[in-house]
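J.: Based on the hints, put chains Z and A in the right spot on chain X.
Read top to bottom, the protein sequences are chains X, Z and A. Numbering follows the working numbering, with no gaps: position 132 of the first sequence is 132. Numbering follows the working numbering, with no gaps: position 112 of the second sequence is 112. Numbering follows the working numbering, with no gaps: position 199 of the third sequence is 199.
You may find that some hints are simply not true.
Just some of the chain X residues that point at chain A, by a computed CB distance under 7 Å [to be verified]:
no.: 1; residue: Arg97
no.: 2; residue: Phe115
no.: 3; residue: Gly121
Below 25 Å or equal to it, Euclidean Cα-Cα: the simulated PhoX-like pairs (lysine-lysine) are [what the hints assert, rightly or not]:
no.: 4; chain 1: A; residue 1: Lys195; chain 2: Z; residue 2: Lys33
no.: 5; chain 1: X; residue 1: Lys151; chain 2: A; residue 2: Lys18
no.: 6; chain 1: X; residue 1: Lys29; chain 2: A; residue 2: Lys108
no.: 7; chain 1: A; residue 1: Lys109; chain 2: Z; residue 2: Lys221
no.: 8; chain 1: A; residue 1: Lys20; chain 2: Z; residue 2: Lys130
no.: 9; chain 1: Z; residue 1: Lys29; chain 2: A; residue 2: Lys108
no.: 10; chain 1: X; residue 1: Lys207; chain 2: X; residue 2: Lys106
no.: 11; chain 1: X; residue 1: Lys151; chain 2: X; residue 2: Lys112
no.: 12; chain 1: Z; residue 1: Lys221; chain 2: A; residue 2: Lys20
no.: 13; chain 1: A; residue 1: Lys18; chain 2: A; residue 2: Lys195
no.: 14; chain 1: Z; residue 1: Lys29; chain 2: A; residue 2: Lys195
no.: 15; chain 1: X; residue 1: Lys29; chain 2: X; residue 2: Lys42
no.: 16; chain 1: X; residue 1: Lys42; chain 2: X; residue 2: Lys142
no.: 17; chain 1: X; residue 1: Lys151; chain 2: X; residue 2: Lys207
no.: 18; chain 1: Z; residue 1: Lys33; chain 2: A; residue 2: Lys109
no.: 19; chain 1: X; residue 1: Lys42; chain 2: X; residue 2: Lys209
no.: 20; chain 1: A; residue 1: Lys18; chain 2: A; residue 2: Lys109
no.: 21; chain 1: A; residue 1: Lys306; chain 2: X; residue 2: Lys112
no.: 22; chain 1: X; residue 1: Lys209; chain 2: X; residue 2: Lys249
no.: 23; chain 1: X; residue 1: Lys106; chain 2: A; residue 2: Lys306
no.: 24; chain 1: X; residue 1: Lys106; chain 2: X; residue 2: Lys42
no.: 25; chain 1: X; residue 1: Lys42; chain 2: X; residue 2: Lys112
no.: 26; chain 1: X; residue 1: Lys207; chain 2: X; residue 2: Lys19
no.: 27; chain 1: X; residue 1: Lys106; chain 2: A; residue 2: Lys195
no.: 28; chain 1: X; residue 1: Lys142; chain 2: X; residue 2: Lys249
no.: 29; chain 1: X; residue 1: Lys112; chain 2: A; residue 2: Lys195
no.: 30; chain 1: A; residue 1: Lys108; chain 2: A; residue 2: Lys20
no.: 31; chain 1: A; residue 1: Lys108; chain 2: Z; residue 2: Lys33
no.: 32; chain 1: X; residue 1: Lys29; chain 2: A; residue 2: Lys109
no.: 33; chain 1: X; residue 1: Lys19; chain 2: X; residue 2: Lys42
no.: 34; chain 1: X; residue 1: Lys106; chain 2: X; residue 2: Lys142
In case anyone wonders, no lab produced these hints; they're calculated from the structure. Just so you know, even glycine gets a beta-carbon here, dropped at the ideal spot from N, CA and C.
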Amino acid sequence: MTATITLPDNPPVLKAESKNLDFYYGSFKALKDVSMPVFEHKVTALIGPSGCGKSTYLRCFNRMHDLYPGNRYDGSIHLHPDDVDVLHSSVDPIEVRMRVSMVFQKPNPFPKSIFENTVYGLRVRGERSRSFLEDKAESALKGAALWGEVKDRLDEVAVNLSGGQQQRLCIARALATDPEILLFDEPTSALDPIATGSIEELIGAIKNKVTILIVTHNMQQAARVSDYVAYMYLGELIEFGATRDIFMKPRRRETEDYITGRFG
Amino acid sequence: MAMTATSGVAVKPELPSGAAKLAEYARLKRQRKVRERLIEAVLLLAACVSVFTTVGIVYILLKESLVFFAQVPVWSFLTDTQWTPLFDDAHFGIMVLLSGTVTSSAVALVIAIPLGTIIAIYLSEFAGHKTRETMKPLLELLSGVPTIIYGYFALLFITPMIQKIYPDLPGFNVLSAGIVMGIMIIPYVSSLAEDAMRAVPMSLREGSYAMGATRYQTAVKVVVPAALSGIAAAYILGISRAVGETMILAVAAGMQPNLTLNPLEPAATITSYIVQVALGDLPHGSVGYQTIFAAGLMLLLLTLFFNLVGYWMRRRFREAY
Amino acid sequence: MSSALSPRTEQLRAIIRKHKRWDAAFGVLGLLAMMVGVLTLAALFSSMAIDGIPRLTGDFFTSFPSRRAGQAGILSAWVGSILVMLVTAFFAVPVGIAGAVYLEEYAKKNWFTDVIEINITNLAGVPSIVYGLLALGLFVYAFGLGQSILTAGLTLALLILPIVIVTTRESLRAIPQQVREGAYACGATQWQVVKDHLLPYGTPGILTGVIIALSRAIGETAPIITIGALTFIAFLPPVPFAGEPAAGLFDWLFSPFTVMPIQIFNWTSRPDPAFQQNAAAASFVLVFMTLGMNGLAIWLRYRLRKNIKW
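Excised from the complex, chain X in its bound form:
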């Protein structure tokens, strides 16, 4: 069954798109023929019940699945404007990850100092100059709304921060390398409501600098932060459209059933 995709009349700039993407965990087909646009400087949310493949889809964008044996991609994800197929075997996953960053569900700062956490992505690229790194760290931490709280203790270990602060540090770490796309994998499900609110605010603030793709199991969150929503079910894309359209007048029965809570 093909997906129902509703594009706006003046579609914004395309940052990336998946074309007929299949994904296999061993012999299990977890993604089925997913073709979907990702618009630049917009927040696209992936929603759907557990096991629908949204995290699996997200992790294709930065080739995370390469880390584990037995996984296979079939299809393509094109990164624009240079039209590079991120999943192609000749493309180095390291390079993909330098262009596409990720923030994980459970905050995972390294047991290093706040400064070292923030600049790790830059060090990995070979940046050595201390002044350059310090500037980058400051702008990344400001971008993640964490600078004020940590500017006097950049050399303290990151594990002493609160959960919400740790997640913002992970966002700063992801932002420090000026990624083109920032992937969020359920970034607030391990946080309390206040921390959740500050992360959602942050997402709204940074979207004009970076394209955001966010997986969330919380529909209200999707409604709050996103511009576009993709509803997935059992590995297929069911419907894609502007957030208001999806939540107010979904065109597919399945979407409506999920949104109205007829099933979870």
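T.: Same frame as chain X, now just chains Z and A:
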């Protein structure tokens, strides 16, 4: 539904576009790949050192033993009842050394297996958390003392102690060495047996307790049978350790080859014989020198056999849960 | 309450009492069994201490062995032990850690990896004297390294390699997967993940394992005797750049030597009780070194784990 890149794209200055940028990325990728492959090769080489070691051991023992067996037929090696490699009329009956190994191991295991099992059952089924946390490191300490010191202890403490009860005991004897060896091996047996017992699921125990059984009954009738292959693996480890022990026997059992199964006499084992030869002045290439490799080969085959049996048993025990 | 219990209850209670007696008896048996071990340790330490401590004068540590028991000391032995340990660590630590990293992070699940892992498990169970035979045939004669500190260090390195590999692997395994994913997501290569994260965070566990492995090596006697270490060494290996003519930087590696366990062995074998007292004193020092290393390992592990919360 077809998707196309739309117009009106503003190219940001730092975006990787253009053939030059892509060529740069391709060059960096190649560099990265080469460096990563090189590092992986070095790490693989390090991991292979263990394989080289095994190959080296087998090669050296076989090579030197073959020289030996060219002069001494395998049959007489296995069946001769004398071991007198330095005499003019030399005899090379490995049985003599084997008898020492068997006797000393038997004495050691008579101590290590019952005590090790009892301790394992006690720590696994009876003891409280505090007791276990205190006793386990203490028992580890038993296996951490250098064996030369155990040899000293056997010779200068245990033997005189036994001589108080049995004055005819010779100064060098297999009994004292075997006793000390046994005590040293207790932690090997108890630790592995205890792990096997702790791995038995609580549900089995609960079934037994629910019937009104005591800890002792549950331990003996339910836990031990369920952990049997792991416990057997622990025993095999103990046997292997006993067969391979050298210094305690070299110091306290005397190094006199003696075809006997009586622990109250001195005897040489395969291991202590090798030490004795190494301490002497045997010219490289002489038959006497070659004997230690033949003896070593025998030792390797013995311990290899026990290790394989133990490994197989542990695989079986792991599969059960 | 009725004073006459039914015969059935009476029977049950008698059975329970009997079983409880067995239970209690086994409890006592278990404690006694453990006491055997504890008492042995106590007897061992006290007999060494009683005989040996009076002998532990400053001279004991700074004198060479001598035919006169009263003047004999462990200078060449403890210096030799430390030098051999340096060589052992120099080879065993990098090779062991590298091998463990390969097996834990790089190796794919195939027959070749199985062969390597089986080898490591096997080698851990090979008697130490067999390593001595390997060293004798290979290092001393085939490679021509002689009966030297270098040979001893290499032999012991091979001996403790399985311990270093196993403990390093366990440390690496304890690092949660999220750390690796976080590092990869930043664009790190596999080696960068190992170098920047896994080795630093695994250091406490790795260090503990290395020190415990070395404490085992320092007490090994059989392989060192087999390669032909002499038991009467009344000199120290040549100090680099010292002496007439000046010794080379690496001459000490090829020097004859002795180590603590061998010195103890030598003195224990002498019937003279004065030498046996020396043996007790040296044993005391050796046990102190071994226990000290174990204690250091545990303390280091505690200190270095402070910033890690998993």
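J.: Quickly compare the C-alpha distance for Lys306 (chain A) and Lys112 (chain X) to 25 Å and report which way the hint goes.
T.: holds, 12 Å
J.: Mind checking the alpha carbons of Lys108 (chain A) and Lys33 (chain Z) for me, to see if they're no more than 25 Å apart?
T.: Given pair Lys108 (chain A), Lys33 (chain Z) holds - Cα atoms ~18 Å apart, limit 25 Å.
J.: Need the status of pair Lys18 (chain A), Lys109 (chain A): alpha-carbon distance at most 25 Å?
T.: Since the Cα atoms of Lys18 (chain A) and Lys109 (chain A) sit roughly 55 Å apart, the hinted pair is violated (cutoff 25 Å).
J.: For Lys142 (chain X) and Lys249 (chain X), compute the direct alpha-carbon distance and say whether it is at most 25 Å.
T.: violated, 38 Å
J.: Please work out if Lys29 (chain X) and Lys109 (chain A) have their alpha carbons no farther apart than 25 Å.
T.: holds, 23 Å
J.: Given the hinted pair Lys42 (chain X) and Lys209 (chain X), is their Cα-Cα distance within 25 Å?
T.: At roughly 9 Å apart (the allowed maximum being 25 Å), Lys209 (chain X) and Lys42 (chain X) satisfy the hint.
J.: Under the criterion that the straight-line Cα-Cα distance not exceed 25 Å, is the pair Lys106 (chain X), Lys195 (chain A) satisfied?
T.: Holds: Lys106 (chain X) and Lys195 (chain A) sit about 23 Å apart, inside 25 Å.
J.: Do the numbers back the hint for Gly121 (chain X), that is, is its least Cβ distance to chain A under 7 Å?
T.: Cβ of Gly121 (chain X) sits 4 Å from chain A, so the hint holds.
J.: Can you confirm whether the C-alpha distance between Lys42 (chain X) and Lys112 (chain X) stays at or below 25 Å?
T.: violated, 32 Å
J.: Holds or violated: Lys151 (chain X) and Lys112 (chain X), Cα atoms, limit 25 Å.
T.: At roughly 16 Å apart (the allowed maximum being 25 Å), Lys112 (chain X) and Lys151 (chain X) satisfy the hint.
J.: Decide if the proposed pair is consistent with the structure: Lys106 (chain X) and Lys142 (chain X), CA atoms, cutoff 25 Å inclusive.
T.: holds, 22 Å
J.: Next pair to validate is Lys29 (chain Z) with Lys108 (chain A); report whether the Cα-Cα distance is within 25 Å.
T.: holds, 23 Å
In summary, the numbered hints that this structure violates are 2, 5, 7, 13, 15, 20, 22, 25, 28, 30.
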